[in-house]
Structure formats: C-alpha cells, structure tokens
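Student: Heads up: the protein sequence lines correspond to chains E, H, P, L and S, in order.
327 is the number that our numbering gives the last residue of the first sequence; the numbers go up by one with no jumps.
327 is the number that our numbering gives the last residue of the second sequence; the numbers go up by one with no jumps.
327 is the number that our numbering gives the last residue of the third sequence; the numbers go up by one with no jumps.
327 is the number that our numbering gives the last residue of the fourth sequence; the numbers go up by one with no jumps.
327 is the number that our numbering gives the last residue of the fifth sequence; the numbers go up by one with no jumps.
Check before you lean on any hint, since a few could be wrong.
Which copy is meant is left open, so a pair is good if it fits within one copy or across any two.
[What the hints assert, rightly or not] Here are the simulated lysine to aspartate or glutamate pairs, EDC-like style, with alpha carbons at most 16 Å apart:
id, residue 1, residue 2
1, Lys256, Asp168
2, Lys312, Glu253
3, Lys151, Asp181
4, Lys312, Asp168
5, Lys151, Glu174
6, Lys68, Asp203
7, Lys68, Glu49
8, Lys68, Glu99
9, Lys68, Glu42
Simulated from the structure, these hints should not be mistaken for lab results.
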Amino acid sequence: MKDNELRQGGQELIDEWRPGSGARLWVDIQDPQHETLEPLLETRVGFHELAAEDSLSANTLPKYDRFKNYDFFIFRAVDLNLSEHGSQTYKLAAFLGPEFVFTIHRERMQAVENVQARLPSDRRILDNGPDFLLYNVVDQMVDSHFPLLEKIEECVDTLQESIFQNADPRQLDELLHLKRDINILRRVSMPQRELLNQISRGDAQFIQPQFLIYFRDVYDHMFRISETIDVERDLMAATMEAYLSVMANRTNEIMKVLTIFSSIMLPMTVIAGIYGMNFDHMPELHWKYGYPFALGLMAVTAALLLTWFYRKAWVFKPREREPRVRL
Amino acid sequence: MKDNELRQGGQELIDEWRPGSGARLWVDIQDPQHETLEPLLETRVGFHELAAEDSLSANTLPKYDRFKNYDFFIFRAVDLNLSEHGSQTYKLAAFLGPEFVFTIHRERMQAVENVQARLPSDRRILDNGPDFLLYNVVDQMVDSHFPLLEKIEECVDTLQESIFQNADPRQLDELLHLKRDINILRRVSMPQRELLNQISRGDAQFIQPQFLIYFRDVYDHMFRISETIDVERDLMAATMEAYLSVMANRTNEIMKVLTIFSSIMLPMTVIAGIYGMNFDHMPELHWKYGYPFALGLMAVTAALLLTWFYRKAWVFKPREREPRVRL
Amino acid sequence: MKDNELRQGGQELIDEWRPGSGARLWVDIQDPQHETLEPLLETRVGFHELAAEDSLSANTLPKYDRFKNYDFFIFRAVDLNLSEHGSQTYKLAAFLGPEFVFTIHRERMQAVENVQARLPSDRRILDNGPDFLLYNVVDQMVDSHFPLLEKIEECVDTLQESIFQNADPRQLDELLHLKRDINILRRVSMPQRELLNQISRGDAQFIQPQFLIYFRDVYDHMFRISETIDVERDLMAATMEAYLSVMANRTNEIMKVLTIFSSIMLPMTVIAGIYGMNFDHMPELHWKYGYPFALGLMAVTAALLLTWFYRKAWVFKPREREPRVRL
Amino acid sequence: MKDNELRQGGQELIDEWRPGSGARLWVDIQDPQHETLEPLLETRVGFHELAAEDSLSANTLPKYDRFKNYDFFIFRAVDLNLSEHGSQTYKLAAFLGPEFVFTIHRERMQAVENVQARLPSDRRILDNGPDFLLYNVVDQMVDSHFPLLEKIEECVDTLQESIFQNADPRQLDELLHLKRDINILRRVSMPQRELLNQISRGDAQFIQPQFLIYFRDVYDHMFRISETIDVERDLMAATMEAYLSVMANRTNEIMKVLTIFSSIMLPMTVIAGIYGMNFDHMPELHWKYGYPFALGLMAVTAALLLTWFYRKAWVFKPREREPRVRL
Amino acid sequence: MKDNELRQGGQELIDEWRPGSGARLWVDIQDPQHETLEPLLETRVGFHELAAEDSLSANTLPKYDRFKNYDFFIFRAVDLNLSEHGSQTYKLAAFLGPEFVFTIHRERMQAVENVQARLPSDRRILDNGPDFLLYNVVDQMVDSHFPLLEKIEECVDTLQESIFQNADPRQLDELLHLKRDINILRRVSMPQRELLNQISRGDAQFIQPQFLIYFRDVYDHMFRISETIDVERDLMAATMEAYLSVMANRTNEIMKVLTIFSSIMLPMTVIAGIYGMNFDHMPELHWKYGYPFALGLMAVTAALLLTWFYRKAWVFKPREREPRVRL
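Next comes chain E alone, as it looks inside the complex (with noise of 0.2 Å):
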C-alpha cells in the first residue's frame, strides 16, 4: 500500500467503493439502521444475507463463517466503562476481505475508538493490512474482559470477607446476581476462545500466515479469561455454602445463649416457687436463715451449671486461636 493510503469511515464509504480498485478500506458502522444497511451490504457489497442479517442482529455468539470473497466473524467484547448494569458484553462483526474490513457494531465501542486514535501515528497497522488491523481490534476487544475480570474477583472477596463479619441474605442476593454476570461472560466467553483458536490454526483465509502468532496471542489471553471464570465460579460455589455454615454457626450461637439462659433460671424458678407454696407445715419457711438458704440453693444451681456450660466450652473460655496455617 504505497501512496493508496487505507482510508476509514462510516457507512458513506460504502457508496464510493469499488471492489477490485485496490482501495484498502476500513468500514466502520456503529449504530446501524437495519432497514437501511441490510440490502445495502447484500445488493452493493455482495454479502450472503445471513451474514448481513447476523452483523446486524443482537444476541449473536462469536463465531466464523468463510465465504468466496470474504471471512465473516462475530466477536464480542465487554466495555466496563460504557456500562450501567453490568456484565453487558457488545457485539462486534467484522467482514474482513483482502483489501477491506467491515467492522458493524450498536454501541460505541472502546478498543475501536483506540485503533481509530492509534491510525493516524500507528504505521504498521496501515502497511500491514485489513487482518492486522482487526488483530488490534480484537485485541484490544479481549483485554477489555481484564478489568471487569478483576472488579468481579473484588467483589468476591469482599463479599466473602463480609460474609465471615456479618452474613446477611442481601449477600446472598449479591452472590446470585455475579453468578448470573459470570455466566453469561462464560457464555460468550467459550464460543470466543473457541473462534480464536480457529483463527489462530489459520481457518480464516484473508488473515496471512505471518499474523497467526498475533491471533494466538490473542487466544492466549481469551483463555486466561476463562481460566479466571472458571476459578471465580468455584470460589462463589464456594461463598455460598460458607454463607451456610456461617449461619449455621450463627444459630449455634444463638441458640447456646438461649440454652445456658434457659437452664440457669429454671430451676431458680422451680425453687422461688416451691417456697411459694402454701402448705401449712412447710419448716424451711420458718428457719431463720429460710431466705438466705433459698437464695444460696439459687446461687449453687447457677454455679454449677455455669461450671458445666464452661466446661463445655460454650461460655467465656476464651477459645485460643489455632496457628494459621499458612502456606
């Protein structure tokens, strides 16, 4: 690509190309009008219909498709920063031929609007081609699951270390939506490696042999990101049965204090009463030290099962705490 320079834009583009002109073109449509773009991308450009229809739908899963003239990808990446709710993932389609890139997305998208920055001053994306340009896309497309990666394991954590301080169903609900978000990221998260790995192999035929090693790399890290999900999933399996046994604890203590409660005053109880019966010969009622005496069986009954409870370790004894093992 001596002096004809790649040239980038929107849809307007499309108009002025002519295939086979030696142009190099990057395409890059966000937000499109269905209606409009559809048999555009058919009729002028010659794209097959699913493949227009599939860049244009939502909910679409990475994935390939070759066909005669060009290679059509999904891939999808999560922009945190644009997000309000979450995981939402944003899909990106790319129809790359020898000369050109379509790239067709909904939302503004980060890692475009990187490489878009980087062309002006970035040499080697203009020289090397339309596949080396969406290697950059895509790239920077997959390490922006790093981040939300990340935010998803401190939530963990601090839900775990919340859940030992005061466990409170609002974790659990807490819990239940990241398992939610994590699955979906897994969802997408498997078909995108899987894409990546093909494309890395060389399926896809206008990516040269010489950019393979690029688009391993980037399955290198598409798989550390499902490596990391798998680990977080285990870890909140993991949380949500600590929140269990920290509330079964819990209840253990609860009930211990209702327990040692209960069994100190009954018998206290019993015996208030039965000197409060009125039975006529009753001789402890009329022993001089009567009330003292009775009071001092009160005071015996609680020592002695205040020793007990003690001895079982449910009252006071300062439980001494085990060596951390540590690794």
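Guided by the hints, dock chains H, P, L and S onto chain E, whose structure is given.
Tutor: Frame of chain E; chains H, P, L and S shown alone:
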C-alpha cells in the same frame, strides 16, 4: 422448476405421485394413522420400514439417517402457544429426496403452518426446492425455543426474587417442576444441536451445498439455545441453595426473637418468684420501698440484657446498608 | 437358507453341529454348567478360552470382541417381571458366526423367549440369518429398560410429592436406594450404548451391512435410555435438596409456634408473678379493680405481641397464593 | 522354548544372564537396594537411567515407556491382606524384552507369589514366553482390586444404614476417610486403565499379537473397577447429604418435643400464677370449687393444645407406612 | 562441544554473542528491565516481538510457540521457600535454539540456581547441550510443586481433624483460602501439563529426540501433580460439607440440653405454681405430708421424663462405639 410448481398437500398426494416424474412435492401429514400410513410409506413410496416406524412413533429423539434415495430426519420443536402443560416438545419427521419432502407430525405445528402460509407469496421457497423448504420449517422450529426459554428465564427470576422476599416450600415445588422441564428440554436439544451440526457439515446427501450455510445458521441458534439452557440450569441450582440460605437466615431471626424474650423474661420471673416466697424472715418484704425496689431490679436486669443484645446487634440496631457492589 | 431351516435348541445341538455344513443354527443355553460347557465351547466349537470364560462368568460389562471366525458380544437386559429385588440386570453372551448364533444366559430372559415364540411364524427372521435374529433379541433386551425407567420415574415423582406433603427420613432411605439402582443401571447402559454404536458403525464382521440400520435403531433407543437415566439422576439430586429445604422450612414452622407461645406466655407469667409477691406495701393489691387490672394488663400484652407477630406474617395471615408460574 | 526352560530368580540372575543367549528369564526383585540395583540395571543390563530410576522410586503412576530393546511398564496393585492401613497401593515395575521380564517391587506381592507358585505346574506360562507371564501377573494385580472394592461397598452400605439408625459425627469422619481412600484408588486406577487400553491396542512392542486379547480382558476388568469406583464416589456424596438430612430431621424431632412441652406447660404456669396473685378482691379464690375449677382450666388448655398438635401430626399420630416403592 | 564450553551468564552475554558462531550459551536474566531488554531481544537477537513481550509480562500461562530459529516456552514453578503469601507461582520464559537457551524470570528461582550450582561439576549437562540443560531446569521447577502440595495436604488434614474436634468459622475461612490457592495452582498446572505433553511428543523443534524421554518423565511428574490437585479439591469440598454436618450435629446437642432442661423444669414449675395458689379450699395444703407430697410429685415427674429421654438415647446413654470399618 419453471412451470411445474411445488405441490403441497396431505396423504392423498402420495397416491398421485410417481417417483421420477419430475414433479416437486411437499407432503405434510398431520395426526397420521399408524395402521394405514405405515404400509403406504413402505410399499407405495418405498421408505425403509425402520424410518417409516420412527416417523410415526412418539418419543424419538432428533436424528439423521441416510438412505439410498432419500434422507430421513427427526426434528423437535416447542410450540408454546399450543401447549397446555409446560414444555412439551413436538416431533417432526421429514423424508427429503431430490424432488420431494415428506413431513409427518402428530399435532398442529406453528412452524409448518407459517411456512404453508408464506408459500403462495414467497417465490424463493418455491424456486429453491425441497431442501430450502425444509430449512424454512426447521428454522422456525428451532426459533420456537426462544419464547419458552424467555419464559423460563422469567420464572427463575421471579422465583429468586420471591424467595428473597418470602421463602415458601411452594417455590421449591415450582423450582423442581422448572428443573424437570428444562432437563427434558435439554435432553431434546442436545441431539438436535448435534443433528444440525451434522447437517451443516454437509452430511445429508440431498441438501445442496449452497444451502448448508442456512443450516449452519440454524445450528448457531440451536447452540445459543443449549447454552442458555445450561445457564438456566446453573441458576436453578443456585436458587435452590439460596432457598436453603434464606431459610437458615429466617430460622436465625426467629431464634433471636425467642432468645431475647426468654432471656429477658426469665430473670424477671425469678425475681418475682423470690419475692413471692413465704419465708418468715424476708426483710425486703417489709421495706417501705420493697415493691418499687423489686420492680426496679427487674427493669435494670432487662435493661442490661437489652444493652447486651444491642451490642450483639440482635435488636433494633439499624444495619447499615453496605454499598452494593455493582459491576 | 432355502430348505435347510435355522435350527434352534440347547446345548445338545452343539454335538450334532458340524462347522461348514451349511446348517444354520441358533443355540440358546440357559443356566449353563460352567464345568461342562466351558471345555465344550473351547474344544468342540473352538471358541477362544477368554470368550468362553466371559460368556459364563457373571458381572461382565457389555462389550464386543472380534475373533477370526466369529464375533463375541455381551449384552445386558433388565427383566422387570422376573426380578424381585429391583434393577437387576441380566447378561446375555452371544457368539455370532456367518451360520450360527450361540446365546448363553443364566436366567430365563423375556427377550429370548419372545423371539423363540415368534420364530415359527415369522419367516423374516428365519430368512435373514443369525445376525438379524440377534438384532431381534438385542432389540427386545434394550426395550426391556423402558418399563423399569418408567417405574423409576414414577417412584421419583411419588417421592417428590410425598416429600412436599410429609417429609420423612424413610423417603431419604428410599431415595438412596433408587440412586444406587440408577447408578448401577447407568454403569451398565453406558458401555452397552457404546457397544451398539460400535456395531451400528459396522465394526462387527458377521453383521451384514443391510442390517446395520437396525442396530442403529437399537442404538437410538439405548441413547434415549441413557439420556433418561441422566435426567433421573439429576432429579434425584434435586429431590435430596428439596428434602433438606422442606426440613428447614418445617423447623421454621415449629420454631415459630414455640416462639409465639413463649413470647406471649412469659410476660403473662411475669405479671402474675409480680402480683404474687408478698411485699407489705403493694398498693395495686388493695385496689378494688386490681385483679381485673392485672388480667387486663396480661391481655393487652398478649394482644400487642400477637399484632406484632401478625405483622411479621408469623400467625394467621392467609398467605396469598402467588400465581403459579406455568410454562 | 523347547529345552531351555524359563529361569526364575532374583537379582543374582542378572549377573549370569547374557543378552542374546536365547535363555528365557524372569527376574523378580523384591525390596530393591536403590544404590546397588540402579547401576546394575543401567550398566549391566543397559536399561535407560530414567526407567531404572522410575522402577525404584515410590509414587510413580502406571505408565508405559517404549525403549529400543524392551518395554517398560509400571502397574499398581492393591494387596488387601498385606495392608494394614487401608487402600495402600503397591507398585510393580516391569521391563519386558523378547526373552526376559524383570519385575521389581518393594513389598511382597500376592500376584507375583501366586504366579511363582503356579509356574512349576503350568506349562502354558512357561511355553508362551515372558509377555504371557507378565499378563498373568498383571491379571492378578488388577483382580486384587475387587475384594477391596467389595469391602468399600460394604463400608458405605453399613454407614448408610447406621446413619439412618443413629447419625453420629464419627460416621462422617469415617466417610471422609473412605472418600480419601477411594479418591486415591481412583487416581491410581484411571492411568492404569488407560495403560491397559494402550497395551491391548498393541502399543507395546514385545507383547505378541495373539496375547493382546488377554490384555484386553484385563482392561475390561480394570474398566469395571473404575466404573465401580465412580459409583461408590457418587454414593458417598449421597451419604453425606443423607447425613445432613437425617440431622435436620432429628433437630425437627427435638424441637417438636421442646415446643410441645413449652406450649402446654406455659399456659398452666400462667393460670397457676394468676391464682397465686395476692389481690384483695379475687372472687374465684373464695368459690367452693375454685381449686378444681383452676385445675380443670389447666387440663382443658392442655387438652386443646394436644388436640391441635395431634392435628398437626406432631404427636402420637401413627404415621401410616406408605407402601415402599420397590422396583 | 569439544573445547568451546557452554558459557553461562546474564544480559551482558547477549552483546558478545554472535549467532552461528558455534558458541554455546545459557543466558539467564533475572528481574529484567522491560524497557531495555525488550528492544535488545527483538533487534539484537531477533526474537519475535510477541515472544519478547510474553517473556517479560507477568501472568502468562505455560505455553509453547514455535518460531523459525528457536522455540519459545513459558513454564511456571512454585518456590515455597521464597514465597511469603501462599501459592504464588513463578514464571520462567525460555528461548531455545540449537546453540543457546535464554531463560528470563523476575524473581530468584531455586531451580535455576540449583542447575547453576551443579553446572561446573556435572559434565553431562555441559555435553548434552541447551535442550538437556532446559530439561534440568524444568525438571526442578515441576518438582517444586511437591512440597507445596504436601503442605496443602497437611493443612487439609489438620483442618478436617480440628473441625471434628472443634468446628469454628475461622476454619471455613482458612478452607476458602486453601481452595483459592489450589484453584490458582490448578489453573497454572493444567496448561503446564498440556505443554509438557506436547514437548514430550516431540513438538518442539530444538529438543533432540533422545531427550524426549526426559521430558516425558517430567510430564509424568506433572500429571501426578495435577491428579493430586484434583484429589485435594475433592477433599476440600468434602471438608466443607463435613463442617456443615458437624455444625448440624452440634445444634442438635445444644437443642437436646435445652429441651431436657425445659421439659423437666416446666412441670415442676407448674406443680409449685399450683400449690402456690391462694384458693380458700385446697385440701392438700393442710395435709400433714402435703409438702413432701408436692416435692415427691416433682421428683416423680422429673424421673419419668429422664427415663423417657434416656430411652430416646438423649442423655447419659454411653453410645457404644461401633467397630470402625477399616479397609
């Protein structure tokens, strides 16, 4: 198929049909009579006895069998609007030859009726032959899963919310039913996904290469469906655990009320009991302010205990809402 | 097999049989004598010692071994009507050659008897040779799983319902037995499914190509069986969890009754205790309406507490039936 | 091996042995001296240093390594009668050449001793060469798993039964130990199964084709073993859950007793307390039948509550034994 | 490498080095400066930019990339003695050519230092070339997992024991940390195992065939490590469940104490209350032995209840130690 139109009709078309006559045929048989249809298919049309049997029996899972002159498929759809008791799935058996497609099903199928309705106006289906027609039917059958899955998703969401508000064994019952539904759906969708994968790889002999991409598209939908099913299963498992945790939490709350009441009332009972004793010598009884003293003793005890429970955050303490960790 | 009929009989046929005589044979040996049969099979018929041993020993899992002049199979059936203690599985060993099939089994097998009964009238089996005969036996053996699975399905359903009505550890015990049954069934059905897959792919040398489709059909049944087994396992796990949840719920109910009773009665006891004290100066005791006042105090306390519990939805409040989410 | 017998002995045979002499050798070394044996194996016999090392070190998992002049195997057995602390597994390293087999193991091995005992009388082993001899040893080693598995099966059964009769944390402890045992067994048996699969497919160079079927047979046994292990693991998980459920049930029972006692006694206490009050004006106190009236009041209250509990099926109600669902 | 020794040193060696000079080189760079090293590797030595980057960045998982003139590996070790906060893993990047090996790592690595220490005396490493040297490093890196795993094993054992003795939420906390550690370890060890498998199959171009067996040996170790990790994970899950069960058991014990105390004391309170009533006509009050009669009534009630609890095995009954099922 210039002038000889694709003819569409029921069982009666079979008799008129002559193989090799070049006439294109779509025979759609609803609610077949096992006794009359099976011999017809076997002897008149020459389908293999096992295929004929499978096309008529219930319960068969999605599959593909290759015969010399035709392909035999079984697909499954979910017709939400026709169903009364949940996620029932509906079977469609299809025999596909170069010039004909036979579809056999017991109940009315939305997918079949939609294609029948579109046939007169949609020249593409008529022009593209039986395999493209079959694609149209299967496409609609697969897409029939989406509303059901959305409904299940909604149900699980509703259940989760209502569990956190007001856990109840009826929700569990509901959850078990949902689980069964989704397990059945999964059991059907896994082989269907495999079947569509097989077709889109070109295994079926009478599906023309240019239409494989269409079946690939259906496969992608099916893939998304089975992924969603797995996500939902996971969420159901988490919901079950959430139920247990909410229950554990509620038990804790009930226990706290009981413990607080008992712990405060029991000492008061003991004090009242003591001063209800009938000993001859109980100086307090004759004090001028003995009665207020006793009441005061009770009040002080209660106040001390309440303070203790307050410190333990068992009563009144407005638990500060920890900042919701939001992705 | 024009005039020389397929002869069918027991061990005695072996002696008469001459390999290569062109005579077609089905030897079915029930309850074999290990000591006499093993040498007979090995030396007289020339089967490999390992195959002969496997055909006679119990516990062997389904498998296929190829020998030079014959194929050796082990299948397993479930004979519900013959069984007394649950999901016992029955072994059938089969030696298949071009002109003979030997079947060996310990117990009476419904599948074998059915085929024997149909033999005289069903010319197709006689005409199609030993491999088709074997298909008929195996087909019936595989289908013998369905009634058992239906029974298990029914049991799990019944258990689930009865757990929601009246949870009881006996149900758990029952569930554990069912789980063991289904696990054993699964252990047997997985290799059998694999075996049938192998056969239907054409691995066995003495099954003619035109009959592979029949074994493919049996494989489809076996596939459905093993899928059903997995669904049932899943449901059992969910049932176990449901049991725990129902228990947790019931504990809650019991705790509520206890808490309500205690919380209402304890303050009344305290009030009664107070006015039962023997202080000299207790003005209320001498009020004209002191007694009704005390009773009123108790009633008011109880009423306040009941209101509180009512607000907490612990008593009486008719919980509105939330609309059942039905797919 | 007409006249030159297979010679069998220990380490001392190595020195006499000359490779290529045509002499057949089985060298069995028990409790090897690492320092003296390793150089002997490496320099005198010419085994690879890594194989020599693996043959002597503990902890190696089952595997197969192919070297130019010999095959190297590691197998593992379980010797129940030799073991004192549970499922210890015993390693046997084997070097197999066309004319020799070297077996090395630390402890006495039943399998080796059995074959040694049979050698003098069993001409087949002597005639068939070292690979058939190895088969005999391995066959016995694999079969050594069965008694252990039966013992584990028995233990799990016993535990399940005793949990339903009398749940106790000691059972849990036992279960955890069993789980560890079976996990270790599993860890060893999976690669051993894979190894036997490899051998029976003909990967080992010095096992003659006609003996592959024998190793296939051992593989089948190993397959059954690893399946049984999985079934047992599943049952242990279910047992753990059963323990929790039985516990939950027992808590329920205890709570019921407490609730019934408290609910009946507390109102009686209140009534007694009321008539123990010292108000001047309490008409009932002066009734002739005031005392029986009070007792009657208590009895009626108690009776009403008991009726209520009876209705709730908390007391006495003989729970009808629901018909045991039996397969 | 007759006279020209393998030279070993740091970054400074790169400048002196001339590719193709026949000089053998081991360059070991510790704590690399990203800014200065990356250009050096890329331009001076000619390594690919992605490999250079990967060799310097943290967090990369084990992998192998093949380049024209060299192999690029990433391995991971665990250095227990260097680590302060648990199972941190350490990265080693290695470039392997026919005449050189470059190793790059951030922290001091025991494995590297051990090999450096052995180099002067161990002629084999010097003679066998860079691939054998790399084997020595990797071998030590893999073996560095064993002490960590033993420590984890010990921790889990200790936790299990202490849970059965004295369950405490701190143990759960500990367990969650262990779980996280082992999950991270697993995430690293799975690709490392895969990588070693790949190498030992001969995928790396500059590892000579005669050394593949050595990498196979390392693979075997890695396999054992990842198996152990799985066993430990399983045990941790079981431990979590055990915690819950122990808790449930303890709740039971506490409840029993409460129930026994309440059930015995409440009737005594009622009896005392009855004879504390102030009715005019209460014959018992005037009996001579009324008081002992009342006390006797209490004693009898208590005795009856204790008997009942004894029968229920709630009190005193020495639970017979069932014979420990030992494998």
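Student: Take the hints in turn and mark each one as holding or not.
Tutor: These are the hints, each one checked on the structure:
no.	hint	in the structure
1	Lys256 <-> Asp168	between (20 Å within a copy, 14 Å between copies)
2	Lys312 <-> Glu253	both (13 Å within a copy, 11 Å between copies)
3	Lys151 <-> Asp181	within (12 Å within a copy, 19 Å between copies)
4	Lys312 <-> Asp168	between (29 Å within a copy, 15 Å between copies)
5	Lys151 <-> Glu174	within (14 Å within a copy, 23 Å between copies)
6	Lys68 <-> Asp203	within (13 Å within a copy, 21 Å between copies)
7	Lys68 <-> Glu49	within (14 Å within a copy, 32 Å between copies)
8	Lys68 <-> Glu99	within (14 Å within a copy, 28 Å between copies)
9	Lys68 <-> Glu42	within (14 Å within a copy, 37 Å between copies)
Hint compliance for this structure: no hint is broken.
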